[in-house]
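Read off the chains here:
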Amino acid sequence: MASDDAAARLALTDICKTFPGVVANDAVSLTLGPGEIHALLGENGAGKSTLVKIVYGVLRADSGEMRWNGQPVQVASPAQARRLGIGMVFQHFSLFDSLTVAENIALGFDEKVPMRDLTARIGEVSAHYGLALDPGRHVHTLSVGERQRVEIVRCLLQNPSLLIMDEPTSVLTPQEADRLFETLRQLASEGVTVLYISHKLEEIRALCEAATVLRGGKVVATCDPRTETARSLAQMMIGGELATPVRSGADEAGSERLTVRSLSLESEHPFGTPIRDVSLSVRAGEILGIAGVAGNGQPELLAALSGETLCPQADSILLDGQPVGRLGPRARRARGVCVVPEERLGQGTVPEMTLSENGFLSAYLRSGMLRQGLLQLRAMSRFASDIIEAYSVMTPGPATAAGSLSGGNLQKFIIGREILQNPDILIAAHPTWGVDAGAAAAIQQALLDLAKAGAAVLVISQDLDELFAISDRLAVICEGRLSASRPTKDTTVEQAGLLMGGMFDEAGEIIETHAA
Amino acid sequence: MLPRLEPRSGVSAAMMLLTPAIAVGLTLIAGVIMFAALGFDPGRALYTFFVKPVSTLYGVSELLVKATPLAIIGIGLALGFRANVWNIGAEGQFTLGAICGGGVALALHGVESWLVLPAMAVAGILGGLAWGAIPALLRVRFNANEILTSLMLTYVATLLLSYLVHGPWRDPDGLNFPESRMFEDSALLPVILDETRLSIAAPITLLIVLAGWLVLSRAFLGFQIKVVGQSPAAASYAGFSEKRLIWTTLCVSGALAGLAGMFEVSGPIGQLHPVVSPGYGFTAIIVAFLGRLHPVGVLFASLLIALSYLGGELAQIELKLPLALTGVFQGMLLFFLLGTDVLIRYRVRFGRRGAQIALPQGG
Amino acid sequence: MDTAAAVIVSMMAAATPLLYAALGELVTEKSGVLNLGVEGMMITGAVTAFATATITGSSAIGIVAGAAAAMALSLIFAVLTLSLVANQVATGLALTIFGIGLSALIGQGYVGTPLDALPKLDIPGISDIAFVGPVVFGHDFLIYFSFVMVGVVAWFLYKTRAGLVLRAVGESHDAAHAIGYPVIGIRYLAVAFGGAMAGVGGAYLSVAYTPMWIENMTAGRGWIALALVVFATWRPGRVLLGAYLFGGVTILQLHGQGFGLGIASQILSMLPYLATILVLVLISSDRALIRLNAPADIGKIFRPAS
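Here the protein sequences line up with chains A, B and C, keeping their order.
Counting in the working numbering, the final residue of the first sequence is number 516, and the numbers go up one at a time with none missing.
Counting in the working numbering, the final residue of the second sequence is number 1363, and the numbers go up one at a time with none missing.
Counting in the working numbering, the final residue of the third sequence is number 2306, and the numbers go up one at a time with none missing.
A hint or two may mislead.
List of simulated lysine-lysine pairs, PhoX-like, C-alpha gap at most 25 Å [what the hints assert, rightly or not]: (1) C:Lys2300 to B:Lys1226; (2) A:Lys112 to C:Lys2159; (3) B:Lys1243 to C:Lys2300; (4) B:Lys1243 to B:Lys1226.
Source of the hints: derived by calculation from the structure; they are not laboratory data.
So here's chain A without its partners, still in its complex pose (with noise of 0.2 Å):
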């Protein structure tokens, strides 16, 4: 073992680290040699991020060593790991919106670079691997594809000899993750180290030679991915049997209830996306799923669904054929429509408010919650206590503060609140977005009683797994316009892609290119 590591670039001995009420990672090993790309397999809250930011010099360990090419080494600073050679691309951009490409760029070297040099050396570094960038650009005007180039070509310009990549697909089209893929090969072969952090079991197989499984912050296995089928490692990843939702047999879909006609709409971020041109329908008993990478306006689309944003035109939107484009939230709910919002935190509910002020929260027109303008304490009690009960929520009870709730945990919170409220419509973003398997599954089946019950549902997510298990029709969102929708069960991945990548004509048709 010893020897191994000496020749290894980096080796990690029994790191432990510590936050408050959480063990994040529980004495963690990990050898890493040159030209190798590693999977960092694990569940959200596996302790995958904790353990590469400790490398990365973020965090700092509790205890445990760290070999850097047979050296021991503490790495006090991002700065310190990127002079020892350490690069990252984070999973959240550590990018500026404001700041130009170049400038961004700038701001990843400890020392000046004259500007002239640094853009000669964007240009070199971008052709070599064919990520294209243009240094004068102001990244709030780049796509989220766009944004993770500016990242990963700022590690590279380090000439780094690891480079840690941080859930760097989620956030890409198939065939960019491809494309991404071939340039981590490319790096590989020239003998750099790539430390590979996903959940996706099909990616990690087709990329990487090794991989350390991650569980409760424990490592729990390693193995050698393409030699592992993906339920193996998924049973690894989850410690049991992978749930699979039950999709009810009955393919008749109802009347239209929710109905969207040619909306455009400016959006109210400077740097978020307008809405332009979409038409939707969902009819009882159906769920319809808007796939779509991150960025491309899903915000937008559900802010002027739930009300949030007003439509310029009131039958812009039409519930049950009523145009209700000019009403706001408040009013819609009354009609019948509920939301689970895109952040559990801060927006689906309040973090320092108890659960039964967090089922009041948008529950607060039904269940007798309010009288007179006056809360009733007992019924919020009784409400929160029944979602409680009824999507198994761990939790001391109602009086609880919705932010000690764990992601899941507060995830079933929210589906349960909006279901609990028989909607007939039910507008889901990314419902099952950061939740362990076993919440997961639970969600989705919620999802499927409900449609299967009469309700029309319409779900944004951007993981096409998802929404190829449970959606009846597919449609996909890119730079605010909306494809026309398909059945899921004649779609494949590769036409999904495609019409993630924007390839999509005036009618919302695919256009075909070439083969791939």
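Since chain A is already given, all that's left is putting chains B and C on it; use the hints.
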């Protein structure tokens, strides 16, 4: 070993109540140091400042007289601050209340009717409300920061009052002093304790405290205020209109400040002066924070801050200490409170910075 | 000196304290910190400068002392908001209340004390040229220095690496932290600079503009400086423009009183405050302009996981 902060899993309710006490304690300690530095016997100075003013019944009544405007304004501000609406122009709204209430008193000079006082109160409330509505309009319609606009309007209100008492409203029999004529009895608040200035404004304040408490703890309006203040995105999601809450909180806090201003001129002062407030509108900001933005807390905080006013006046007379000390004490108290409030969300840990990667032992 | 030149000279003098305070606050805000205590720092700078100048007999030492005192006050703000994560709005207000009280306390012995005004540049021959002489060559060094500072701040923010880092911290403290910049340390420096500049602005009032100490002599200039930063959409050159615009309004108001237009002085005195409101409304109503130029993380609390 440097102390460091470690987040608590939730908000500490105990610290919520404890930090104001800690802040008061630290302020007293700083006061001792300050008095000693200025060359006064700290014991005697503190006694003069904080005990002697309330050693008589009259002193206690004066405490209540001073606490009344602070509490009324503070409750309005607390509602706004909870919604992240930063009305810091209560001084101006107070002044407008005084102008409008006083204007009615002067206009009805010679009228002997029980209706004079209610008319004055309505005018005072409307004046303060109007002065609060302007920043609301500018924020909602033009996105202009209410902190700056409400503050600018304070200077405008003060100048307006000065203009009125120097010009059109000056007492015709007043030897050219910049003052209005004295209000008639029908325009003065009934005193409820003989030989003092304590008026019915004090019990009305208690009713306002009660109403404020009800709104915040049980009313839908209070719930909306809390949500929009803590998570604006959640308020938008729930369908609570931020604009309407800006209007409501600025108008309510303006109206309350206006009522306090009317009480001041129809109570302790009894006429219009160029300056009708020793900074009540600004000090009420401290009162609101010290009272944890909670109406009952505001009530207690108003008593404490009122004491600093009385103490400052007495210290000026007895010890020849500058009146400005009051402001210094109030500022320090708010500093200490804001500084110790960190304990509500964080706990302080001493010792090793739980952080280093252990160096391997050599050999 | 003809009237036009006199108006311009007095306008420049009226603008200078605003210019200093607003430039300092601009740098503070660019780093993502909103310090509403400018008024309190200015008045503390004013009284400290006056007292020190009186004691030492040197206006220059007085100005340095004023800057130092205001900087010390700004550091209280920095400790509370940056290290103890206190609310920036509330702490800024506390700073103003405290500063006004403290200045009255320090200044009580100096009310009515005379002080020689800051000497003006006087080049025999040139300064006597009609109009150009007084307008270009007839000022004290703080006015010239204020122009230098506009250039220095603009150069620093947009031409230096340190300025780029400061803007980055104000744009996204999480991203800056993730790349490894010391967010809190940088903000401490920006707050201290803002404090020192507010102190110089206050010192200008008490040792040059009206060389005497009067309680509350800043009369809301700190707040107007805050509004100027918004008016300037966080750009140094426009702060200069805004400050001179306000200097103009102030002088207009003073001369209006002098000419006896038959309008009460109190009504005329409202002008600068009403102008501030008007300017704020005009600039702020263009929401996109504000959102594109305001530092994105302004006023937000930063607390890294450790």
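Tested hints:
| no. | hint | in the structure |
| --- | --- | --- |
| 1 | C:Lys2300 to B:Lys1226 | 18 Å, holds |
| 2 | A:Lys112 to C:Lys2159 | 12 Å, holds |
| 3 | B:Lys1243 to C:Lys2300 | 21 Å, holds |
| 4 | B:Lys1243 to B:Lys1226 | 14 Å, holds |
Of the numbered hints listed earlier, not one is contradicted by the structure.
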